[in-house]
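Q: Given next are the chains, with one letter for each unit.
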Amino acid sequence: MATQDAPDLVDDLLAGKHRALARTITKIENRSAGYRDIVSALYPHTGDADVVGITGSPGSGKSTLVDKMAKQYRDAGEEVGVIAVDPSSPFTGGAVLGDRIRMASTSTDMDVFFRSMSARGSLGGLSTATADAVKALDAFGKDKIIVETVGAGQSEVDIVKTADTVAVLVPPSSGDDVQMLKAGILEIGDVFVVNKADLTGADKTVTELKNMLDMREADPGDWTPEVVETIAKSGEGVENFLGVLDDHTDWLDESGRREQQRHQRHAEELRNLLREDASDLLADELAARGGIDELVERIDAGETTPYDIADDVVGPLAECLEAQRD
Amino acid sequence: MSQESQRNIRCLVAKVGLDGHDRGAHVITRAFRDAGFEVIYSGLHKAPEEIVQAAVQEDVDVLGISILSGAHNTLVPKIVEGLQEYDAFEDTLIIVGGIIPEEDRDGLEEDGVDAIFGPGTPMEETIEFIRENVQPRD
Chain A
-1 MATQDAPDLV DDLLAGKHRA LARTITKIEN RSAGYRDIVS ALYPHTGDAD VVGITGSPGS
59 GKSTLVDKMA KQYRDAGEEV GVIAVDPSSP FTGGAVLGDR IRMASTSTDM DVFFRSMSAR
119 GSLGGLSTAT ADAVKALDAF GKDKIIVETV GAGQSEVDIV KTADTVAVLV PPSSGDDVQM
179 LKAGILEIGD VFVVNKADLT GADKTVTELK NMLDMREADP GDWTPEVVET IAKSGEGVEN
239 FLGVLDDHTD WLDESGRREQ QRHQRHAEEL RNLLREDASD LLADELAARG GIDELVERID
299 AGETTPYDIA DDVVGPLAEC LEAQRD
Chain B
2 MSQESQRNIR CLVAKVGLDG HDRGAHVITR AFRDAGFEVI YSGLHKAPEE IVQAAVQEDV
62 DVLGISILSG AHNTLVPKIV EGLQEYDAFE DTLIIVGGII PEEDRDGLEE DGVDAIFGPG
122 TPMEETIEFI RENVQPRD
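Listed in order, the protein sequences are those of chains A and B. Numbering follows this note's numbering, with no gaps: position 146 of the first sequence is 144. With positions in the second sequence counted from 1, the corresponding number in this note's numbering is that position plus 1.
Okay, chain A solo, but in the shape it has when bound (with noise of 0.2 angstroms):
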């Protein structure tokens, strides 16, 4: 199987084989050759999942919250995909992925596909990665996808809005209400989740959340934010948790920000492609050019700058495009 072409594996993925659609997201992880063609093979086949984001501060509950979703999306004949990514070291490339040790409620369901993913800290290629396994586990069928990150850092804002509806866990007492404001969590979440709320300070932090939410600028028609409170250890809110998010699914579709949402997320796509092609377009460049390292020689000697540089790189290829689009 290691050998495998991209058309058969795109078809054992359609068949699904779960091995295909393992094998499918280690491409894209690697970004091994061949992996675009097989993304643009799966395309057709994707948009009828409903993708959940959920993100949080370290220790909010998020692993714990997924797997009761899980359960409850499998109890309701769903069939769930779930991408948790996890911090890697800067360092050594290094990670220790975690969130699967929570998922035990519907362990040896092989309905559930569970897949640990790293932030290996590449060019911010991660949302992207995580955007296109999304396609490979809606490609082969699953009606319930769910994106877990930590909630720390712009890369783990952007994987989370490849997701149709967001969902922000926040501990209770986390914090006064300037450490909400300074994380910027209250723009990106469509529902918000005190989790622990058998903790003292949930409500508090109910009401603050809910305080804040009240003072954001919001044009008429926008979705309005709404505030649960869940205990995921013991399952409790879990159902009516479910149903804000269902809510807010059926709102997509009724206001027609399904549309908008999904014309902005394949433009950002797109720009994201280019932005990674011409990156490559110019990196050979440079190696052509002996390398970058012979460049900034001649910066550390002072005998030129970066900005000349880079106008010299890239001039003959503006010159390039001008003329192709005569």
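Simulated from the structure, these hints should not be mistaken for laboratory data. Beta carbons: idealized from backbone N, C-alpha and C, even for Gly. It is possible that part of the hints are untrue.
[Stated by the list, open to error] Which residues of chain B face chain A? A few of them, derived with a C-beta cut under 7 angstroms, are:
(1) His27
(2) Phe38
(3) Gln85
(4) Ala89
(5) Thr127
[Said to hold, decoys possible] Below, a list of computed lysine-lysine pairs in the DSSO-like style, where the Cα atoms sit at most 27 angstroms apart:
(6) A:Lys15 - B:Lys79
(7) A:Lys208 - A:Lys159
(8) B:Lys79 - A:Lys202
(9) A:Lys231 - A:Lys208
(10) A:Lys69 - A:Lys15
(11) A:Lys159 - A:Lys69
[Unchecked claim] Over the 12 angstroms line for every Cβ pair with chain A, so calculated as not near, a few chain B residues:
(12) Gly18
(13) Gly37
(14) Leu69
(15) Asn74
(16) Gly121
(17) Glu126
Keeping the supplied structure of chain A fixed, place chain B upon it in accordance with the hints.
A: Same frame as chain A, but now just chain B:
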């Protein structure tokens, strides 16, 4: 187009059956992480089916099974069978760590285990073995 491939070795560290000792598994998990691997730890008391599910879905290059309970002769074949069922046996490197009596080693290797590392094996030896023997995924 110079599509730069970004390959990391992925590894599942698995504790299977009624064996509550995971100090060794934790140490291994950390060492693998520091070697630059992506490590998924199964948690304690997993059934062979759960290990198979995780290995298949995560598409790991390496499955490291830690067994200290003496039940390796029944548990390991079950895992191998499960992997075969999902076409995941051929390209997964299977290593076993823990207390494995000398007389059981040949049998496990016949079942499909690629290497057995007993107590006292230097961590570098295990990591080196993995680096040299993983099957390419591309």
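Q: Indicate, hint by hint, whether the structure satisfies it.
A: Right, here's what the structure says about each hint:
1. His27: Status violated, d = 10 angstroms.
2. Phe38: 6 angstroms, holds
3. Gln85: 11 angstroms, violated
4. Ala89: 6 angstroms, holds
5. Thr127: For Thr127 (chain B), the interface hint is violated, since the closest Cβ of chain A sits about 15 angstroms away, which is over 7 angstroms.
6. A:Lys15 - B:Lys79: Distance of about 21 angstroms is within 27 angstroms: holds.
7. A:Lys208 - A:Lys159: Within the cut-off at roughly 22 angstroms; holds.
8. B:Lys79 - A:Lys202: 51 angstroms, violated
9. A:Lys231 - A:Lys208: Within the cut-off at roughly 24 angstroms; holds.
10. A:Lys69 - A:Lys15: 22 angstroms, holds
11. A:Lys159 - A:Lys69: Roughly 24 angstroms between the alpha carbons, so the hint for Lys159 (chain A) and Lys69 (chain A) holds.
12. Gly18: Given that every Cβ of chain A is farther than 12 angstroms from that of Gly18 (chain B), nearest at about 14 angstroms, it holds.
13. Gly37: Non-interface label on Gly37 (chain B) violated, nearest chain A Cβ at 4 angstroms vs cutoff 12 angstroms.
14. Leu69: 19 angstroms, holds
15. Asn74: 22 angstroms, holds
16. Gly121: 24 angstroms, holds
17. Glu126: 18 angstroms, holds
Comparing the model with each numbered hint stated earlier shows that hints 1, 3, 5, 8, 13 do not hold.
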